[in-house]
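All chains, full assembly: derive it from the sequences and hints.
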Amino acid sequence: MKFILYIPLFIIFQLAGDELKALLGLPVPSATIGMLLLLIFLFIIPQNINITNAAQKLLLHLPLFFIPAGVGIMQYTEVLKQDSLALFSSVVGSTILCFILAAWLTQRLLKSENIETK
Amino acid sequence: MIHTLLQSAPMLLLALTLLVYLISVRLYQTSNKNILLLPVVTSITLMIILLKIFDIQYTHYFESVEIIHFLLSTATVALAVPLRNHFHLIVEHAFPLTISLAVMAFITPAFAVLSAWFFNADTAVLLSLAPKSISTPFAIGVAEEIGGYPPLVAAIVIVTGAIVAIISTSVFKIFSINNSIAQGFSMGLIGHGIATATALEISMKTGAFSALAMGLMGLSTSVLLPYLVSWFF
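Keeping their order, the protein sequence lines are chains A and B.
At position 46 of the first sequence the residue is numbered 70 (this note's numbering), and the sequence of numbers has no breaks.
At position 47 of the second sequence the residue is numbered 303 (this note's numbering), and the sequence of numbers has no breaks.
Note that these hints are calculated values from the structure, not bench results.
All values derive from a computational prediction rather than experimental measurement.
Don't be surprised by glycine CBs; every beta carbon is placed ideally from N, CA and C.
A few of these clues could be false.
Which chain B residues face chain A? A few, computed with CB under 10 Å, are given here [what the hints assert, rightly or not]:
1) A265
2) A271
3) K289
4) L292
5) V359
6) A368
7) D378
8) L382
9) K388
10) G397
11) F428
12) S432
13) I433
14) A438
Cut-off 30 Å, straight-line C-alpha distance, at most; resulting in silico cross-link-like pairs (DSS-like, lysine-lysine) [said to hold, decoys possible]:
15) K429/B <-> K81/A
16) K429/B <-> K135/A
17) K26/A <-> K461/B
18) K308/B <-> K45/A
19) K105/A <-> K308/B
20) K461/B <-> K429/B
21) K308/B <-> K289/B
22) K289/B <-> K81/A
23) K105/A <-> K26/A
24) K461/B <-> K135/A
25) K429/B <-> K289/B
26) K81/A <-> K45/A
27) K461/B <-> K45/A
28) K461/B <-> K289/B
And the structure:
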């Protein structure tokens, strides 16, 4: 249960991200700023297994944290009905196509890099 | 009766959400991880059905479960940990990953817009589709900037992430994508946080590269898209 003690560490950096975003008016989500700040911090301190465990435990439940925002879809079912064919072709069709392309391209580039270095 | 109870006691909605989540996870595990029963998809669907049945407004629901939403940012911050633990691999493969990012940052919004343009969608809808592969806070910001419709963007982004999460295992099998860096990176590029949740299930390493791609794609799209749009529209 020791990992519980480390969750506040993430919250501190989350709030620091909020503050920094407000202060500098950055066009980047505050959670991303918090993530970068924590990343820098993790390079300063020695590697800590408790922090790793805490992150692992928290990230295990990432799907849960998407529920409040995701349920928001219920407000827009009417909008989704208009232009449904265009939305379907883009959201389903182009997503599948781009995902296949991204996976193939990344693997291909990683392979060619290995050949060059050998 | 249940309606008034749920209206007056926000804690009940919080408890109900946790219950729905636990049931969804249980369903997923007992179905031997059937990808169609992905917990994020099942729980959102079940929750919407329940709210419709009990006639509860979304704004009321959101206020009641805001603590869960708060933890989404906490978890996003925690993604720095797998990034730190796999940082040597990121540096080692920085070149191919940058190329892949640069190519996909242009192609993804272009395909998204073109495929809808083909079906005569109006401009506001086209612009709402352009940021569909980046996480919601990025996407909303970009949508406001370029003239999309923010609420529609949020819905599109979530569905896009869920599609990537659902198809990922089949795509990896069919196209023999067995490199875990390529798996994670592509999931994050196209399916942002929702696909990252699934990538973390494969391994922390896959999750780390998905988180990396999610962040980079969010940053580059929010910088690039306003320029791309001003050229074309």
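For each hint, the structure was consulted:
1. A265: violated, 17 Å
2. A271: violated, 13 Å
3. K289: Interface hint status for K289/B: violated (13 Å vs cutoff 10 Å).
4. L292: violated, 15 Å
5. V359: holds, 6 Å
6. A368: holds, 5 Å
7. D378: holds, 7 Å
8. L382: holds, 8 Å
9. K388: This hint holds: K388/B lies near chain A, its Cβ roughly 7 Å from the closest one there, short of 10 Å.
10. G397: Check passed: Cβ of G397/B comes within 6 Å of chain A, closer than 10 Å.
11. F428: holds, 7 Å
12. S432: holds, 9 Å
13. I433: holds, 5 Å
14. A438: holds, 4 Å
15. K429/B <-> K81/A: Since the Cα atoms of K429/B and K81/A sit roughly 28 Å apart, the hinted pair holds (cutoff 30 Å).
16. K429/B <-> K135/A: It holds: about 18 Å lies between the C-alpha atoms, which stays within 30 Å.
17. K26/A <-> K461/B: holds, 23 Å
18. K308/B <-> K45/A: violated, 36 Å
19. K105/A <-> K308/B: Holds. K105/A to K308/B sits at ~18 Å (cutoff 30 Å).
20. K461/B <-> K429/B: holds, 19 Å
21. K308/B <-> K289/B: It holds: about 28 Å lies between the C-alpha atoms, which stays within 30 Å.
22. K289/B <-> K81/A: holds, 19 Å
23. K105/A <-> K26/A: Judged against 30 Å, a Cα distance of about 49 Å means the pair is violated.
24. K461/B <-> K135/A: holds, 18 Å
25. K429/B <-> K289/B: holds, 16 Å
26. K81/A <-> K45/A: Satisfied, since the Cα-Cα distance of roughly 27 Å is no more than 30 Å.
27. K461/B <-> K45/A: holds, 29 Å
28. K461/B <-> K289/B: Holds, because 20 Å separates the two Cα atoms, which is no more than 30 Å.
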